[in-house]
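*Asks:* Protein chains in written order, with the numbering used here: chain C, 1 to 369; chain A, 370 to 738; chain V, 739 to 1020; chain S, 1021 to 1302.
What the hints contain is simulated information worked out from the structure, not anything from laboratory work. Where is the CB? At the ideal position from N, CA and C, for every residue including glycine. Treat each hint with caution, since some may be false.
Stated by the list, open to error - Taking beta-carbon pairs under 8 Å as the criterion, some of the chain S residues facing chain C (in silico):
hint : residue
1    : 1160
2    : 1197
3    : 1203
4    : 1207
5    : 1208
6    : 1211
7    : 1216
8    : 1219
Unchecked claim - Cβ pair distances, simulated, as ranges:
hint : chain 1 : residue 1 : chain 2 : residue 2 : range
9    : V       : 926       : C       : 301       : 52 to 58 Å
10   : V       : 805       : S       : 1263      : 38 to 44 Å
11   : S       : 1120      : V       : 926       : 48 to 54 Å
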Amino acid sequence: MTELVDATRTTGAAPAGARVSLEGLVRTYGTTRALDGFSLAIEPGEFVALLGPSGCGKTTALRVLAGFERLDSGRVTVDGRDVSKISAQHRDMGMVFQSYSLFPNMNALNNVAFGLRMRRQHATQRRQKAGELLELVGLSDQASKYPHQMSGGQQQRIALARALAIEPRVLLLDEPLSALDAKVRAELRDQIRQLQQRLAITTVFVTHDQEEALSMADRVCVMSAGRAEQTATPAALYSRPTTSFVAEFVGVSSRVPVEPVDGSVVLFGERCRIRASDTGLPNGPLDALLRPEDVAITLDETAKPFVTHKSFLGATTRVIAQVDGVAVRVDVRSDVAADIELGARVRVSVVSRDVLVAERSVTNPVSPQ
Amino acid sequence: MTELVDATRTTGAAPAGARVSLEGLVRTYGTTRALDGFSLAIEPGEFVALLGPSGCGKTTALRVLAGFERLDSGRVTVDGRDVSKISAQHRDMGMVFQSYSLFPNMNALNNVAFGLRMRRQHATQRRQKAGELLELVGLSDQASKYPHQMSGGQQQRIALARALAIEPRVLLLDEPLSALDAKVRAELRDQIRQLQQRLAITTVFVTHDQEEALSMADRVCVMSAGRAEQTATPAALYSRPTTSFVAEFVGVSSRVPVEPVDGSVVLFGERCRIRASDTGLPNGPLDALLRPEDVAITLDETAKPFVTHKSFLGATTRVIAQVDGVAVRVDVRSDVAADIELGARVRVSVVSRDVLVAERSVTNPVSPQ
Amino acid sequence: MASLIPDIVEDALVAVPEVPGRRRRPRLRLWRAVVLFLAGAYFLIPIYAGLRFSFENDAGHLSLYAVKAIPSEPGFSAAFWLSMRLAVVTLALTLVLMVPTSVYVHLKLPRLRRLLDFVTILPIVIPPIVLILGVLRAAPLWLRASPYLLSLVYVILSMPFVYRSLDAGLSAIDLKTLVEASRSLGGNWLNTLWRVVVPNLRSALLSATVLTLALVLGEFTMASLDLWTTLPVWIYQFQQVDAHVSTAVSMVSLIGTWLLITLIVSLDRSQSRRTRRRTNNS
Amino acid sequence: MASLIPDIVEDALVAVPEVPGRRRRPRLRLWRAVVLFLAGAYFLIPIYAGLRFSFENDAGHLSLYAVKAIPSEPGFSAAFWLSMRLAVVTLALTLVLMVPTSVYVHLKLPRLRRLLDFVTILPIVIPPIVLILGVLRAAPLWLRASPYLLSLVYVILSMPFVYRSLDAGLSAIDLKTLVEASRSLGGNWLNTLWRVVVPNLRSALLSATVLTLALVLGEFTMASLDLWTTLPVWIYQFQQVDAHVSTAVSMVSLIGTWLLITLIVSLDRSQSRRTRRRTNNS
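Given only the sequences and the hints, what does the whole structure look like? Please build it.
*Replies:* Pasting the structure below:
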């Protein structure tokens, strides 16, 4: 850690992050609206994740910001200046791509130095700077390796160093981890986050993986159909989603049908307060959205619910109990779960008297998931 | 769930799972030993995952079992019968591949019916059977779609139906989820597991993702360099790894240097018993291997350790604390973690007085991961 | 080469490019128009000149006499049928030789792909003169006396195109996985080749067929050196007798080749359209 | 075509195939030997026959007179240099036209790829007779009088090979991402093309160059119809004067073309070997 701080100091790379604002972005392909009035304000030095299913417009938003896509309407400002008309070449944004994007004909050092070369920096100077950045990502020993000689994780770290070498005003990450193995992904996730915090660089990260978004970002913007559904801190997004789309996309939820009575609902025989999900309380039939940690189970031979499924997650085990034909996911400490057999009768209760609700879903609640 | 049970009954597909035994498998490519005396016994109806980093031989083992690779030595038996010399065509093993393997020139129904056609079943009979299997994987409405018209998740479910259609004695899954999005992956994981339990079919699943292996399998075989490191239930593997390779590959561990004194060690000022990792107690300097849930932290302004990193995981938040220059990962309930700022001083303690140890690692303990 | 003419024209003139953008579209349209115009000029001007010459008489006036005279010209019909027979024999030989070989090499001897790449380029690298002189000297007498020696030469000449088509087709599908899937489901090699591999190589086979036919129907050097009067040789010889008739024949032969290709391509397209329609009904 | 001869022979004879297996190896070796033998026979027997004929005199005895006579034969040197000039001009024209066009189409007009695929196949589909007759009639007089009209024709003829090489090369790299990476790092279009795209197309460019040169140095029909005595035309004509000398020239021309190709390929290989060595040192 101390090493990293030092490396930062010697590169002199501590650019004050830029303030970025996306205002009413609209982008149409044929009849498809990839962006449909998308707005987002990003504070200097903030790490914002754009999260959503494929086709939600998150990648288009990033590419508009990078200057690779034109806008039909809306504008992009960086530190208050409208950059919508500026080409990608002159936007000073470092980008790390989903697929391996290192130049195959250059070794790691020359890849990192490429941006400096384009800026006509002197050879010795740019070689020194590139060397420092390789050190920053912990790959000094790979300087003369070519991309095909490196692992996927190493390539993405070099790509990160290359993007940072030009001291960009904004760092753009387009699912940089999605091509990597689970183990490498987890490691690189931490490394990117720590580098970003150390350099205090404004960063936009695109991902479809909610775990990635929640664990890395200062704020997460959940997108759907070309618009921002909710933009909030990971904790707020998780505990206070404002739409049922967000509630279901972020974290794992069980849907349990409930009937509203005077602003409260009865769930597993207990009266619970409603924590609103969709803005305002929906009319008609409701579902309670329950996180696996919101529910508890205890063995009880006289109870009707029974266990249909168990999967080991490490410290906890996820148990699926069937309650009146509805599958409810529960996280149980693994040592406790060891005593719960498949088919065992269990009593199900809520941990908090405060539940999220959303409009009743039309999908079959007895689906295997 | 009841639907699934019914579907199974109508297909009549409840083959008693076969007992599979791999004995001393050796397979060499040039000078590389892909399999180096690998052995594994699989009970009828069991779901076994082969887990390991790339190049550990897990895929080769599966392909030997399927009959796609020959052996240099060793043998494969199914229900006691040696099948080593039998070609893939006659082994009666259903396989689902990593990449999309549906025949592009056939629609979903004909893909599923292909194996029955090869077995010269009558057209109406095989169409009925294929239809039942499509129902089993919940894709009856896609019967006449072609592979390119389906999503990745749908294609893999069709591939699963196709493999099950021949009522195979063993089901082989070669990283079938690795090409899918995080959300779809999690769903399909549950579906595969439930189908497997319902059909009671002996299943071998290859993966590099420890989360996948732990959450799905009855037993997990961790492989390294062409050999089985440890074969055990997920819970046993997680809590009682027999080698440090397994301890580190399965679950997330922090390594903290400790000195052994009379079969115990002192960790964060507390004396803890040693739960052996590598067989027998190693000589020389040791590291304690700590799971994030084995450690607790409390805010304490007088303490020396401080928080360097926080990442939100949902119900819990992972905090990294630096203790005497060593990074220790701790899982904290998210509502508690909300009060812990970056840089805050914390007291670190162990939850259980029972720790795993392994030989001192040579890697730098102050790495950002 | 997959699905040729109609789709292409459609795409080029009507379709929205993949990265459109309202402001960009006019520029893209302009570029496309320029490319189309240049390509068109490059190919159509010679053809136009040829067509006009076919419909002229010696005095330079418009006339149909040249076209009308074709069937009755001495030697035409013999040359025409010789070319046709050579085309069919060459095509059959080429496909029977090349399809199993390239599948086998792709699957079992991937290291040999580079060698085949090299071997099949040789016919282009070796000057035709050398090839035909060598073949003529090396062939046994009974073969030297047969026009089908030319077929053997044409098989060699078409190899670069045919192998490249098949290689591209085989690389485009995940051959290994498809074959293994078929095998594990109980398919034998013949079933696998016939039901799984070949149907997914349709475009590649089509492209190989078109190229082979075009090559055989247009080849001049080998035929003239081997002293067989195929259609192109006849056209060349007859030019000295009546240039207008000769040009008319070459135009008719061009149009004939095109019709043949269009027929094959549209068979392929109607096939895939039927597939599509069947799907949409579901 | 990437890295040709030595590697291939090495691979074919020595290397372990990707899916070996002790028991399987003998069978594979056998197959490989059969393939190599057949391919060898197919190509080497004609060449051997040609070589033997070159070193014979009219009496059928071994003799070097034909080879020795080459440089002094009337017209040889003019034909040789004409072919060389045509080769250089054609290559330059082709690369300057095709490289930027195919990069641009790949990047910005992916829909037009199918059209280009089709357009560049036309020269194969159109009988050469039709092409040259059309071109000759359509070209302006000053161009018709120049041998470089042939270069224009050769540019068309080489298009199928050159475009396919470039297209394969461009498809093999992730062009869009590489270009965008370069752009976002501050590279302009020229820098991007020169420093990022072209270096990663080396094999494709090499392959295009080899094919173009081979085509120009071996083409007979067009040259003879356009009445220019290029090397292949000279060989053909001189055959009537002295068949031994003519065959000797064609052999020398074959060997010359091979040497040229080997030279280019080995330049490429030494380049990549240097790269490799530099890496290993680190």
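*Asks:* If a hint holds in the structure, say so; if it does not, say that too.
*Replies:* Consistency of the hints with the structure:
no., hint, result
1, 1160, "42 Å, violated"
2, 1197, "5 Å, holds"
3, 1203, "4 Å, holds"
4, 1207, "5 Å, holds"
5, 1208, "6 Å, holds"
6, 1211, "6 Å, holds"
7, 1216, "6 Å, holds"
8, 1219, "4 Å, holds"
9, V:926 - C:301: 52 to 58 Å, "55 Å, holds"
10, V:805 - S:1263: 38 to 44 Å, "41 Å, holds"
11, S:1120 - V:926: 48 to 54 Å, "50 Å, holds"
This entry does not satisfy hint 1, going by the numbered hints stated previously; all others are met.
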